[in-house]
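S.K.: Hey, can you piece these two chains together into the complex? The hints should help.
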Amino acid sequence: MLAVSMTGDSVKAKNGAMVAYDGQMAFKKLSGGGEGVRGMVTRRLTGEQMVVMEVKGHGTCYFADRASEISLVSLRGEKLYVESSNLLCTDAGLRTGTTFTGLRGASQGNGLFTTTVEGTGQAAIMSHGPAVVLRVSAQYPLQVDPGAYIAHTGNLQQHFQSGVTFRTFIGEGSGEAFQIRFEGEGLVYVQPSERNTIGGDV
Amino acid sequence: MTTGPVVFDPMSLPVDDNVNKYTFCVELKSSQWLLQKGKMIAYYGRIDFNGFGRGRLDSILRTSFHSPMHAADWVVAEGSGKMLLADRAFDVNSYDLEDGNLTIRSGNLLAFQPSLALKQSIVPGFLTLIGTGKFVAASNGPVVFLEPPIRVDPQALVGWSDCPSPCHHYDHGYMTGVLGGIRSLTGLGGTSGEEHQFEFVGAGTVLLQSTEVLMAEQPTGAVPQQAGVPGGGPGTGQPGAVPRLPGQLGDLQRRFGL
Numbered sequence: 001m002l003a004v005s006m007t008g009d010s011v012k013a014k015n016g017a018m019v020a021y022d023g024q025m026a027f028k029k030l031s032g033g034g035e036g037v038r039g040m041v042t043r044r045l046t047g048e049q050m051v052v053m054e055v056k057g058h059g060t061c062y063f064a065d066r067a068s069e070i071s072l073v074s075l076r077g078e079k080l081y082v083e084s085s086n087l088l089c090t091d092a093g094l095r096t097g098t099t100f101t102g103l104r105g106a107s108q109g110n111g112l113f114t115t116t117v118e119g120t121g122q123a124a125i126m127s128h129g130p131a132v133v134l135r136v137s138a139q140y141p142l143q144v145d146p147g148a149y150i151a152h153t154g155n156l157q158q159h160f161q162s163g164v165t166f167r168t169f170i171g172e173g174s175g176e177a178f179q180i181r182f183e184g185e186g187l188v189y190v191q192p193s194e195r196n197t198i199g200g201d202v
Numbered sequence: 203m204t205t206g207p208v209v210f211d212p213m214s215l216p217v218d219d220n221v222n223k224y225t226f227c228v229e230l231k232s233s234q235w236l237l238q239k240g241k242m243i244a245y246y247g248r249i250d251f252n253g254f255g256r257g258r259l260d261s262i263l264r265t266s267f268h269s270p271m272h273a274a275d276w277v278v279a280e281g282s283g284k285m286l287l288a289d290r291a292f293d294v295n296s297y298d299l300e301d302g303n304l305t306i307r308s309g310n311l312l313a314f315q316p317s318l319a320l321k322q323s324i325v326p327g328f329l330t331l332i333g334t335g336k337f338v339a340a341s342n343g344p345v346v347f348l349e350p351p352i353r354v355d356p357q358a359l360v361g362w363s364d365c366p367s368p369c370h371h372y373d374h375g376y377m378t379g380v381l382g383g384i385r386s387l388t389g390l391g392g393t394s395g396e397e398h399q400f401e402f403v404g405a406g407t408v409l410l411q412s413t414e415v416l417m418a419e420q421p422t423g424a425v426p427q428q429a430g431v432p433g434g435g436p437g438t439g440q441p442g443a444v445p446r447l448p449g450q451l452g453d454l455q456r457r458f459g460l
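For the record, the sequence lines run as chains H and Y. Heads up: the first sequence begins at 1 in the numbering used here, then just goes up one per residue. Heads up: the second sequence begins at 203 in the numbering used here, then just goes up one per residue.
If you're looking for bench data, these hints aren't it; they were derived computationally from the structure. Fair warning: this is a prediction, and the values are worked out from it, not measured in the lab. The C-beta atom is built at its ideal place from N, Cα and C for all residues, glycine as well. Careful, some of the hints might be misleading.
Here are some chain H residues pointing at chain Y (derived, C-beta under 10 angstroms) [to be verified]:
| # | residue |
| --- | --- |
| 1 | Ser127 |
| 2 | Ser137 |
| 3 | Val190 |
So the derived label-pair ranges between C-beta atoms look like this [stated by the list, open to error]:
| # | chain 1 | residue 1 | chain 2 | residue 2 | range |
| --- | --- | --- | --- | --- | --- |
| 4 | Y | Val208 | H | Arg95 | 24 to 34 angstroms |
| 5 | Y | Asp298 | H | Gln139 | 25 to 35 angstroms |
| 6 | H | Ser5 | Y | Asp219 | 32 to 42 angstroms |
| 7 | Y | Val208 | H | Ser85 | 21 to 31 angstroms |
To give an idea of the chain H side of the interface with chain Y (calculated C-beta under 10 angstroms), a few residues [claimed, not checked]:
| # | residue |
| --- | --- |
| 8 | Ala64 |
| 9 | Asp145 |
| 10 | Gln191 |
Extracted from the complex, chain Y is given alone in its bound form (with noise of 0.2 angstroms):
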């Protein structure tokens, strides 16, 4: 017979730690913290958790939170005990921020201390955290911290710290020439889904997690050498072999960044 599994009181639980890879444990000591709607799972002790809206929580909406279009999915918990926070059986884990700001796709912040200012990016769907202080977010396996220049896939992004500068980048050398123009003009042909990312230069740290495949640096205007990918590989030479269907990667909505 196994031993049985680890039983957690008030008093065993860890302090602003991870409970497992996957548990986060918030300690309170009449403080607050701010959370994503429906993230906490279970708590000791006395908290309550506001809603954002006129009166009392004027103060820490002026000081630390400053995405409107976001307001509706964050609550403030305040009290004293240890509450647990998870997503989505998601990998979560804590970072620290000394007077530095970070971005992170908005879905993926849990909750963050109120020492922190949250502010909605100029990139649409980021948040930025400004400030002193902790905070817990998820991600679709353990998260990878690498340095720009870098270029990622859109999907493994998962946010950037310390600024560095973020922009578009396509692949569209395979774009020219007749059929090239065929295909740019009405998506024909087919694309591998990988002609778009995101490239990062200037100092900082990028977050990514492990979930898509990462994209290391690729020559500009390379294609991968992939089967189906026109100019790429084998399977070339037949455009239009396969019907375009609506919402495809090689439909000229996202090819254009629409």
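So here's chain H without its partners, still in its complex pose (with noise of 0.2 angstroms):
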């Protein structure tokens, strides 16, 4: 469960994930994931559909999803890439949009396009389990099963990596086929557990 204090400020939050508040506190729905026009029509074509609300007020207010674990995730400036299914609240500083993932997304059966909050504030991620924070640096990259990743930070390219041989075919596949391979400079969030992937049986 995640606490934010407020005052008179403003939080953009998963709708309905508001489970207690004390104070006074205003809850609306932002269309759009809050991204205007432009990105109403982007998360709609894209199919990365976030429905968020801002939450603004006196108060704390306390958030909570299917009781999934919460890390928070300090931004200065830099950009995180996260499913939209796994982020649970941002300040509302900062921005969120919506970018291409390429095979990655597909692997992880969440679409071709991932959610980007940038700026500088704190976002509140959710995982089934407690996340763990791997560093990525220039002489240790990591590959990460795409049922098991949630977010990312940092200057990192991403590679999808395949093992399928002849034997995926004839019924001996390792069920490690496919990874996403992360290179450069960041931090990667994975979480204790595996989505049903269209690879994960493979």
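M.R.: Structure follows, in structure tokens:
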């Protein structure tokens, strides 16, 4: 559960994620993820839909969603890439947008696009089980199972890596046929659980 | 503002130990581990994952793997690096075996070193590990270790080691008499859902997960004092008041362990 103290400022949160609050709060649904008409159209087109509300007021507001674990990410001008389904709450000062992820998104079963959060402030991301934060640096690239990936920050290149061989097709696949390879400098958040993915059974 | 989360890199990740309660880190130094499919969540370094097939993996198959029914669920990881294992956000823990044996529910085992040999247990759905080495297992909630003699609820059982004798145990005492006869023939009347246990006797250790209510030793044949339990507490005398649903624990199939 995430507790946010507010003094007249506002946060953007996943619609319906509020579980309790004290003080004075106003909840307003933001169409199209609060990104204006352009964002609305983009999200509708890309399928990376995110129903967001704006919470404004004085007091403490508590957010939770399906008993997920919550990790706070502090951003200082960086960009956070996160699946819209894993994004719980952001400071109102952070800009959210949509970006193309390519094959990685498809392998996660989450579509070809992902959500970006940028600016200065904090964002709360959700994971099934507490997230593990892994550093990627030039000499240590990281491979992540698409089903366990939730978010990343920093300047990272992603490659979709496939271990599909002829064995996969004769039913002797390794079950780890698809991985995302991260190279560059940054942090990757993974959850101790796997979503059902197309590649998961291969 | 809170301090940032702990950030792990290949240097700070633990060696063959838990990262947190739900994630386990394995270090490979051009060595091999066997793991169940889909339990790897991330890795650093060069690690290859191969299903069992002909050729190179034949030797490891011969020494470490003897359960053909489960072969399709297992892969060999080999290479150098550190990999993270996790399973549906369940608790994971590692255990060391020294020239010992341990039988575990097949779904709970995540990974093991090839110095252990994996065999299928006589008990269906369970696997036995024999030898010396480390393995990683998942449980829904922390694992409790208990010494036989003990009766445990089937759902709470994770495994057992050092070979105590496992057997089924049924509390069938309440099925005598006229009403009991009708009940046992038709399954009408309902049951507690706890009349079937696994009984362990002999030396060894029994591993339980804390999800199901643990079954302490019960007098044989006694029925728990619960509402709706025939002969047990209030609510008796109306056999057949609740129609039996398909798959309900009270049906004959379950009662006879089929």
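S.K.: Would you mind marking each hint as holding or not holding in the structure?
M.R.: For each hint, the structure was consulted:
Contact between serine 127 of chain H and chain Y, as hinted, is supported at the beta carbon level, the nearest pair being about 8 angstroms apart and thus within 10 angstroms. Checking serine 137 of chain H against chain Y by beta carbon gives a least distance of about 7 angstroms; that is within 10 angstroms, so the hint holds. Restraint check, valine 190 of chain H versus chain Y: the minimum CB separation of about 5 angstroms is within 10 angstroms; hint holds. Roughly 28 angstroms separates the CB atoms of valine 208 of chain Y and arginine 95 of chain H, a value that falls within the hinted 24 to 34 angstroms.
Remark: the range hint 25 to 35 angstroms for aspartate 298 of chain Y to glutamine 139 of chain H is upheld by a beta-carbon distance near 32 angstroms. Between serine 5 of chain H and aspartate 219 of chain Y the beta carbons are some 37 angstroms apart, a value that agrees with the proposed interval 32 to 42 angstroms. Restraint check, valine 208 of chain Y to serine 85 of chain H: a C-beta distance of roughly 24 angstroms satisfies the suggested window 21 to 31 angstroms. For alanine 64 of chain H, the suggested interface contact is broken, since its CB lies about 16 angstroms from the closest CB of chain Y, more than 10 angstroms.
Residue-level restraint check for aspartate 145 of chain H holds (minimum Cβ-Cβ distance to chain Y is 5 angstroms; threshold 10 angstroms). Given hint, glutamine 191 of chain H at the interface with chain Y, holds; its Cβ is 7 angstroms from that chain's nearest Cβ, closer than 10 angstroms.
In this structure, the one hint that does not hold is number 8.
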